[in-house]
Amino acid sequence: MTRRMIASMLGILVVGSFLLVFIPAFLIRPFVAQSPRGMTRAYALRSISPEATLVLALLGGGLVFSLWRNCRSIPRRAVLVLAAILLLGSAVVSRQNHFEWMFRPLQSAEFVEIVQATHIDDSDMVLGVRLGRESRAYPVRILAYHHLVNDVVAGEPIVVTY
150 MTRRMIASML GILVVGSFLL VFIPAFLIRP FVAQSPRGMT RAYALRSISP EATLVLALLG
210 GGLVFSLWRN CRSIPRRAVL VLAAILLLGS AVVSRQNHFE WMFRPLQSAE FVEIVQATHI
270 DDSDMVLGVR LGRESRAYPV RILAYHHLVN DVVAGEPIVV TY
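In terms of the working numbering, the sequence shown is numbered consecutively and its last residue is 311.
Hints may be right or wrong, so weigh each one.
Simulated restraints on C-beta separations [unchecked claim]:
(1) V302 - F175: 30 to 38 angstroms
(2) R186 - G238: 22 to 30 angstroms
(3) A303 - G165: 19 to 27 angstroms
(4) I161 - D273: 16 to 24 angstroms
Bear in mind the hints are in silico, worked out from the structure with no lab data behind them. Idealized CB from N, CA, C, for every residue including glycine.
With the sequences and hints as input, model every part of the structure.
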């Protein structure tokens with residue numbers, strides 16, 4: 150096989166590995182309408198991407214090694230290093246949940262009596278929960294950052310989200 154063919158194969162592996170990570174992240178964007186078909190595709194790609202990106206990284210590593218041995222040019226070696234970084238980066242990122250990067254659950258919510266809640270306006274929307282004799286109101290404005298609140302109401306652990 151010629152070096153050009155090997156380099157082309159390496160490029161295809163890098164692009165394929167990147168797309169396995171990028172497409173699901175693009176299709177499953179918060180605050181954007183998603184179609185059932187797009188979600189099905191995104192979750193299918195997310196389910197195969199950890200193994201597929203690892204295989205592509207191993208194959209790409211072999212191609213990088215093959216090209217590296219006969220490469221004397223520093224710019225070309227830099228491209229090979231970049232290809233290896235992209236392949237390894239895709240393999241690592243495919244194992245991450247990017248939603249955890251964006252939305253951090255609020256673990257220890259602090260509550261005040263309604264008369265002390267001076268940071269809440271009368272026009273603020275809230276999500277309300279009532280269990281037994283206990284009630285909580287979770288301001289949507291504050292939930293917009295965390296998206297999740299772990300809490301205990303009337304002795305029952307709950308997760309508040311929207």
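Evaluated hints:
{"no.": "1", "hint": "V302 - F175: 30 to 38 angstroms", "result": "holds (37 angstroms)"}
{"no.": "2", "hint": "R186 - G238: 22 to 30 angstroms", "result": "holds (28 angstroms)"}
{"no.": "3", "hint": "A303 - G165: 19 to 27 angstroms", "result": "violated (51 angstroms)"}
{"no.": "4", "hint": "I161 - D273: 16 to 24 angstroms", "result": "violated (52 angstroms)"}
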